[in-house]
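**Student:** Sequence lines, in order, name chains A, B, C and D. The first sequence runs 1 to 91 under this note's numbering. The second sequence runs 1 to 333 under this note's numbering. The third sequence runs 1 to 526 under this note's numbering. The fourth sequence runs 1 to 120 under this note's numbering.
Because the hints were derived from the structure by calculation, they are not lab data. Where a beta carbon is used, it is the ideal one built from N, C-alpha and C, also for glycine. Be aware that one or more of the hints could be misleading.
What the hints assert, rightly or not - Keeping only pairs whose Cα atoms sit at most 30 Å apart, straight-line, the calculated BS3-like set for lysine-lysine is: (1) K159/C <-> K487/C; (2) K54/C <-> K11/C; (3) K80/D <-> K20/D; (4) K159/C <-> K250/C; (5) K270/B <-> K61/B; (6) K433/C <-> K187/B; (7) K105/B <-> K324/C; (8) K11/C <-> K49/A; (9) K187/B <-> K270/B; (10) K280/B <-> K270/B; (11) K49/A <-> K16/C; (12) K15/D <-> K487/C; (13) K210/B <-> K270/B; (14) K49/A <-> K280/B; (15) K87/D <-> K20/D; (16) K324/C <-> K7/D; (17) K20/D <-> K442/C; (18) K49/A <-> K433/C; (19) K306/C <-> K49/A; (20) K324/C <-> K87/D; (21) K75/B <-> K270/B; (22) K92/D <-> K376/C; (23) K187/B <-> K61/B; (24) K393/C <-> K331/C; (25) K442/C <-> K56/D; (26) K43/C <-> K187/B; (27) K75/C <-> K28/B; (28) K511/C <-> K15/D; (29) K331/C <-> K56/D; (30) K84/D <-> K61/B; (31) K75/B <-> K76/C; (32) K80/D <-> K265/C.
Claimed, not checked - What follows is a list of derived Cβ distance ranges for each label pair: (33) A316/C <-> D25/A: 55 to 63 Å; (34) G471/C <-> R91/B: 46 to 54 Å; (35) G46/C <-> K210/B: 53 to 61 Å; (36) A312/B <-> A83/C: 55 to 63 Å; (37) R91/B <-> R89/A: 23 to 31 Å.
What the hints assert, rightly or not - Short derived list, chain C residues pointing at chain B, Cβ under 7 Å: (38) M35; (39) V48; (40) A79.
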Amino acid sequence: MTQPVFIALQTTDTGRSIVDAIVADNPLAQAVEYPAMVKIDSPGRLVVKRGSVEERLGRRWDVQEIHLDLISLAGNIDETDEEFSLQWRKA
Amino acid sequence: MQVDIKTSDIRPIRQTFSQVARRIGGDKPASRYQEATLNLQAETNFHYRPLWQPEFELYDKGRTAIVMADWYAFKDPRHYYYGAYTTARARQQEGADKQFEFAEKRNVLGSLEAATAESLRQVLVPLRHYEWGANMNNTYCAAYGWGTALTQACTFAAMDRLGIAQYISRIGLLLDGNVGSGLEAAKREWLEDPAWQGVRRVMENLFVTKDVFEVLLAQNLVFDGLVYPLVHRHYEQSIDLRAGQALAMLTTFISDWYDETSRWVDATVKTAADESAANKELLSQWYGAHRDEMVRALEPLATLALGTDTGASALHQVRGELDARAAKLGIKV
Amino acid sequence: MTATTAARPAKRLGIKEKYALMTRGLGWDTTYQAMDDVFPYDKFEGIVIHDWDKWEDPFRLTMDSYWKYQGEKEKKLYAIIDAFQQNNAQFNIVDPRYINTVKLFLTGVTPLEYAAHRGFALAGRNFRGTGTRIACQMQSIDELRHAQTQFHTISHYNKYFQGLHDATYMHDRVWYLSVPKSYFEDAMTAGPFEFVTAISFSFEYVLTNLLFMPFMSGAAYNGDMATVTFGFSAQSDESRHMTLGLEVVKFLLEQDPANVPIVQKWVDKWFWRGYRLLALVSMMMDYMLPKRVMSWAEAWEMYFEKNGGALFEDLARYGIRMPKHYEVSIKEKHRLSHETWNVFNNYGHAAAFNVWMPRPEEMDWLSEKYPATFDKYYRPRFEWYAEQEQAGKRWFNNTLPMLCQVCQIPMFFTEPDDPTQICYRESSYHGMKMHFCSDGCKNVFDNEPEKYIQAWLPVHQIYQGNCFPEGTDPTVPGFNPLVEVLKYYHFQLGADGGEFNTSPDRANWEKWTGQDLSAAPQAKAA
Amino acid sequence: MAVIALKPGYTATPKDAEDKFHGNRLLYLGWDQHLLFCAPFCVPVPAAMPFGALVKEVLPGVFGSHPDFAQIDWSKVEWKDSGKPFKPDFDKSLADNGLVHKSALRFRTPGLNGIAGSCS
């Protein structure tokens with residue numbers, strides 16, 4: 001079984017765009033809303049793509065800006081100029 | 001549920017936290033600096049002796065020979081708590097970032113005369129290691145010092161030094177077109193070039209100095225008080241006009257930072273000196289010993305930066321200014 | 001070395017490359033002083049590091065980016081705090097009982113944030129790897145941020161509610177606050193590798209979601225926008241810290257096989273220490289939040305059993321298994337919050353927050369969330385309390401409890417397989433009996449007895465006479481030890497603790513808002 | 001196992017040695033299946049106190065507020081010392097009964113099962 005990674009984001013304006021981008025780019029991702037936050041689980045891997053977020057925001061978005069809306073996460077992180085990803089290594 | 005309130009009836013039951021009120025002379029409105037600072041650190045009833053230093057408690061005033069009746073007598077004249085500190089630096093970095101972007105776009109440092117560029121690599125870029133050493137020394141004081149009033153300012157200073165090391169690194173990268181060879185060369189100089197060995201030796205000696213306040217004084221008052229004016233004033237003003245202007249643009253953060261932080265350093269040393277004759281004596285001893293050693297260590301660097309004669313006179317001048325500054329703080333020079 | 005200047009346009013640097021160039025090369029191997037003298041503390045624990053450069057920085061923040069993003073966060077946060085204060089938004093909370101979670105947080109958690117600040121300063125000085133040191137230093141300054149923003153946010157509540165006025169002073173002294181205090185001091189007095197494994201990995205990565213997610217969501221749900229704001233703002237730093245925790249552990253495990261059993265021992269110890277600490281959170285979730293987000297059992301399933309399980313499955317390839325005694329935490333999940341709330345209803349008159357019995361509909365919620373245990377074991381107990389209260393005899397316990405030598409919590413935990421029987425465990429150290437609440441705590445003691453015999457156990461300290469205000473004479477007629485101990489704690493008698501229904505907080509709330517809280521259904525008597 | 005510290009010889013004196021309790025020793029007292037009392041108790045008592053005095057003079061102040069307490073038949077009570085069955089001699093002192101500093105004394109009261117039989 002592929003274990004889930006997750007990311008939790010604040011429900012701010014930017015946060016919502018990031019959530020939308022994640023849901024669009026990760027077909028297996030499941031978003032659940034809690035008071036003031038959204039938690040997204042995804043089996044094995046989850047990626048946040050700069051381009052997809054920028055499309056939804058209509059402005060430049062640096063991957064490191066994710067820090068402004070991030071609440072929590074689980075998984076091994078990789079961060080490049082283009083994307084931010086979480087994954088568990090396959091056994 | 002919706003709550004309707006009659007605001008006119010509502011009076012606070014107190015104005016501030018008791019741990020603050022006890023220090024500001026009663027229950028009255030306190031500043032954010034005060035509420036963020038006073039009595040934040042644990043003071044008593046420690047559970048376990050450190051496995052790494054059982055001769056001390058986890059927090060222990062005995063880690064310095066300086067004695068204070070109240071370690072919250074220290075006040076940061078900048079009133080920096082995290083929020084005030086960070087927003088101030090965020091503003092400064094925004095300015096610095098613009099300067100660096102401009103310099104990158106115009107390739108300002110890439111088109112310097114070879115000799116000037118080489119001089120900058122030898123004199124300025126190795127300072128990134130000096131800054132990193134200063135980061136370690138301030139982190140030491142933040143870790144082992146007593147009382148938030150003192151230690152938080154050391155934390156800010158430590159992070160500032162990392163930031164300055166990175167700004168100097170960026171200057172190094174501008175000089176070599178972002179390939180990093182200039183940083184490597186500067187590191188070799190820091191490690192091997194005779195001009196730098198005195199500075200590095202003194203720095204490494206500070207790494208093994210145990211007295212928290214001695215480290216604070218030696219790094220932030222004495223070492224910086226000699227290195228900053230020598231390099232960032234005398235040396236940077238000595239290089240040719242065009243390069244000097246370009247450099248001044250890129251080191252605004254550094255020189256503004258030095259002026260600002262000196263206010264904290266001076267207030268801190270003065271508070272300790274004013275406390276007692278014994279403190280004054282100790283600070284004076286430390287000051288004298290470190291000053292003499294550091295001046296000696298800086299002689300070859302002054303020569304490298306400014307030539308033999310100008311270097312010697314600049315160092316002499318810097319030393320005189322530092323003595324005058326220290327004397328104002330109550331130190332016998 | 002070339003003497004020509006770089007006239008060609010500079011190449012563009014990616015974040016990884018830029019970070020490496022601006023950070024990695026800063027440190028050097030000292031030669032005028034031996035490295036082992038410059039870094040005297042990073043070897044004695046037995047951890048073997050062959051190559052510090054293998055350290056991966058998952059978040060590559062240079063200081064300029066750090067200032068930029070953190071400055072932006074701070075601006076937003078303080079704007080909200082200002083608005084909160086100017087609008088008297090403390091009255092937006094749904095129920096004044098809620099404030100008691102804030103009291104528990106400020107006295108119990110905020111001082112830990114400060115301790116983390118100092119602990120990471122130690123680590124940020126003591127590791128010989130440059131990247132590792134920088135990561136610890138950033139966490140150190142972040143933790144200072146958390147402590148300070150919490151004081152600033154809660155400052156306004158302190159002006160209108162009791163129990164918040166002397167948090168750091170109380171943290172050094174009060175009986176239940178010795179639980180978090182000793183937990184953190186245990187980590188800080190250990191070596192640097194154990195400290196980061198304890199705090200960054202076992203606490204931040206494995207357990208912190210259990211503290212912050214329910215707390216912050218709970219704050220949002222209960223109308224406390226100030227706490228939501230500092231909480232979520234802190235959480236964005238927390239994600240960096242959690243990542244540091246995972247990177248530390250992976251780094252240690254990859255460096256040398258000899259590190260694996262050491263790390264496993266720490267994971268076992270610190271899972272258990274952290275889990276015991278979270279007992280306070282369980283009661284907050286199930287009893288102290290007037291509007292509940294999820295039950296403790298549900299949160300434990302989601303964040304530990306599911307997400308924690310995924311983590312340990314990922315670490316299995318290094319030979320790391322689930323922490324020892326984790327199965328006990330699963331057995332306890334249907335009792336923990338009830339047993340903990342009972343402790344504070346026993347000793348609520350000696351706490352810096354108010355306690356109360358759940359109202360009928362709240363009891364029903366507990367029955368629904370805990371069908372196997374609540375009606376059978378806890379409802380009758382709590383209805384008895386309610387009956388006593390309604391008869392004007394609010395019951396409190398006047399004898400001091402037996403504490404666990406390690407976690408310092410009153411020995412309330414029941415046998416893993418018998419919810420009716422207190423769990424007693426014992427060891428002997430040089431002929432002296434030592435008592436524990438669980439196999440987990442006994443295990444911790446037995447591994448390092450020299451450390452835990454030093455525990456400043458509040459109950460024993462009271463009996464030794466060390467917890468009275470200076471100058472107190474316990475031999476004078478009419479000496480009331482409880483009152484003197486509460487004075488030593490700086491409690492305002494009759495205001496800071498006790499039953500909510502008779503508290504000044506409730507009276508003030510009714511006066512300020514015009515609400516009649518007695519109209520709300522009270523706890524049902526048996 | 002022993003602690004691993006920077007230097008050999010890391011040690012400490014226990015913070016709770018008997019001589020710090022002003023002539024008393026600590027005794028822990030637990031009433032099984034009566035979890036209204038959230039945890040066992042800790043009381044300082046003189047070693048010379050007769051066991052009978054503990055039961056008559058100390059226990060009522062500690063456990064007396066429980067509705068079951070008045071119904072205890074002390075002749076039927078089952079005692080344990082550090083988890084082992086224990087038969088106290090009510091006339092002898094605590095010390096002569098073998099109770100030392102920090103002994104954990106528990107008792108069961110068969111037939112009394114706490115509030116509404118919930119072991120509370």
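**Student:** If a hint holds in the structure, say so; if it doesn't, say that too.
**Tutor:** We went through each hint and held it up to the structure:
1. Of the supplied pair hints, the one linking K159/C and K487/C holds, its CA atoms being roughly 21 Å apart against a limit of 30 Å.
2. Taking the CA atoms of K54/C and K11/C, the gap is near 25 Å; set against the 30 Å cutoff, the hint holds.
3. A distance of roughly 26 Å separates the Cα atoms of K80/D and K20/D; the hinted pair therefore holds under the 30 Å criterion.
4. Between K159/C and K250/C the alpha-carbon distance is near 46 Å, which puts this suggested pair outside the 30 Å criterion.
5. For the hint linking K270/B to K61/B, the alpha-carbon distance of about 19 Å falls within 30 Å, and the restraint holds.
6. Between K433/C and K187/B the CA atoms are separated by roughly 58 Å; this puts the pair beyond 30 Å, and the hint is violated.
7. Distance restraint check for K105/B and K324/C: the Cα-Cα separation of roughly 57 Å exceeds the 30 Å cut-off, and the hinted pair is therefore not satisfied.
8. A hinted pair counts as satisfied when its Cα atoms are at most 30 Å apart, and K11/C with K49/A qualifies at roughly 24 Å.
9. As the CA atoms of K187/B and K270/B are separated by approximately 36 Å, the hinted pair breaks the 30 Å bound.
10. Between the alpha carbons of K280/B and K270/B the distance comes to roughly 9 Å, so the proposed pair stays at or under 30 Å and holds.
11. Between K49/A and K16/C, the direct Cα distance comes to roughly 17 Å. Compliance with the 30 Å bound is thereby established for this hinted pair.
12. For the suggested pair K15/D and K487/C, the alpha carbons sit about 23 Å apart, so the restraint of at most 30 Å is met.
13. Of the pairs offered as hints, the one joining K210/B and K270/B holds, with about 21 Å between alpha carbons and a cut-off of 30 Å not exceeded.
14. With a C-alpha separation of about 59 Å, the suggested pair K49/A and K280/B falls outside the 30 Å cut-off, and the hint is violated.
15. Between K87/D and K20/D the alpha-carbon distance is near 29 Å, which keeps this suggested pair within the 30 Å criterion.
16. Distance check on the hinted pair: K324/C and K7/D sit about 29 Å apart at the alpha-carbon level, within 30 Å; holds.
17. For the given pair, K20/D sits about 24 Å from K442/C by alpha-carbon distance, which is consistent with the 30 Å threshold.
18. For the proposed pair K49/A and K433/C, the alpha carbon gap of about 59 Å is over 30 Å, so the pair is violated.
19. Distance restraint check for K306/C and K49/A: the Cα-Cα separation of roughly 26 Å lies within the 30 Å cut-off, and the hinted pair is therefore satisfied.
20. Distance check on the hinted pair: K324/C and K87/D sit about 36 Å apart at the alpha-carbon level, beyond 30 Å; violated.
21. As the CA atoms of K75/B and K270/B are separated by approximately 11 Å, the hinted pair is consistent with the 30 Å bound.
22. Between K92/D and K376/C the CA atoms are separated by roughly 40 Å; this puts the pair beyond 30 Å, and the hint is violated.
23. Restraint check for K187/B and K61/B: not satisfied, since their Cα atoms lie roughly 37 Å apart, outside the 30 Å limit.
24. Taken as a hint, the K393/C and K331/C pair is broken in the structure, with Cα atoms around 35 Å apart against an allowance of 30 Å.
25. In summary, the hint linking K442/C to K56/D is not supported, as the alpha carbons are separated by about 33 Å, beyond the 30 Å threshold.
26. For the proposed pair K43/C and K187/B, the alpha carbon gap of about 26 Å is at most 30 Å, so the pair holds.
27. Only pairs whose Cα atoms come within 30 Å are accepted, and K75/C paired with K28/B is accepted, the gap being roughly 26 Å.
28. Proximity of K511/C to K15/D is assessed by CA-CA distance (about 48 Å); at most 30 Å being required, the pair is judged violated.
29. Proposed proximity of K331/C and K56/D is contradicted: the alpha carbons are some 38 Å apart, above 30 Å.
30. At roughly 47 Å between alpha-carbon atoms, K84/D and K61/B are farther apart than 30 Å, so this suggested pair is violated.
31. As the CA atoms of K75/B and K76/C are separated by approximately 27 Å, the hinted pair is consistent with the 30 Å bound.
32. For the given pair, K80/D sits about 33 Å from K265/C by alpha-carbon distance, which is inconsistent with the 30 Å threshold.
33. Take A316/C and D25/A: their Cβ atoms lie about 29 Å apart, and the range 55 to 63 Å is violated.
34. The hinted range of 46 to 54 Å is satisfied by G471/C and R91/B, whose Cβ atoms lie roughly 51 Å apart.
35. For the hinted restraint 53 to 61 Å between G46/C and K210/B, the CB-CB distance of approximately 25 Å leaves it violated.
36. Taking the beta carbon of each, A312/B and A83/C are about 59 Å apart, inside 55 to 63 Å as hinted.
37. The supplied range of 23 to 31 Å is broken by R91/B and R89/A, whose beta-carbon atoms lie about 42 Å from each other.
38. Given hint, M35/C at the interface with chain B, is violated; its Cβ is 10 Å from that chain's nearest Cβ, farther than 7 Å.
39. For V48/C, the interface hint is violated, since its Cβ never comes within 7 Å of a Cβ in chain B; the closest pair sits about 18 Å apart.
40. Here the hint on A79/C is broken, as its CB sits about 11 Å from the closest CB of chain B, past 7 Å.
In this structure, the earlier hints numbered 4, 6, 7, 9, 14, 18, 20, 22, 23, 24, 25, 28, 29, 30, 32, 33, 35, 37, 38, 39 and 40 are contradicted, and the remaining ones agree with it.
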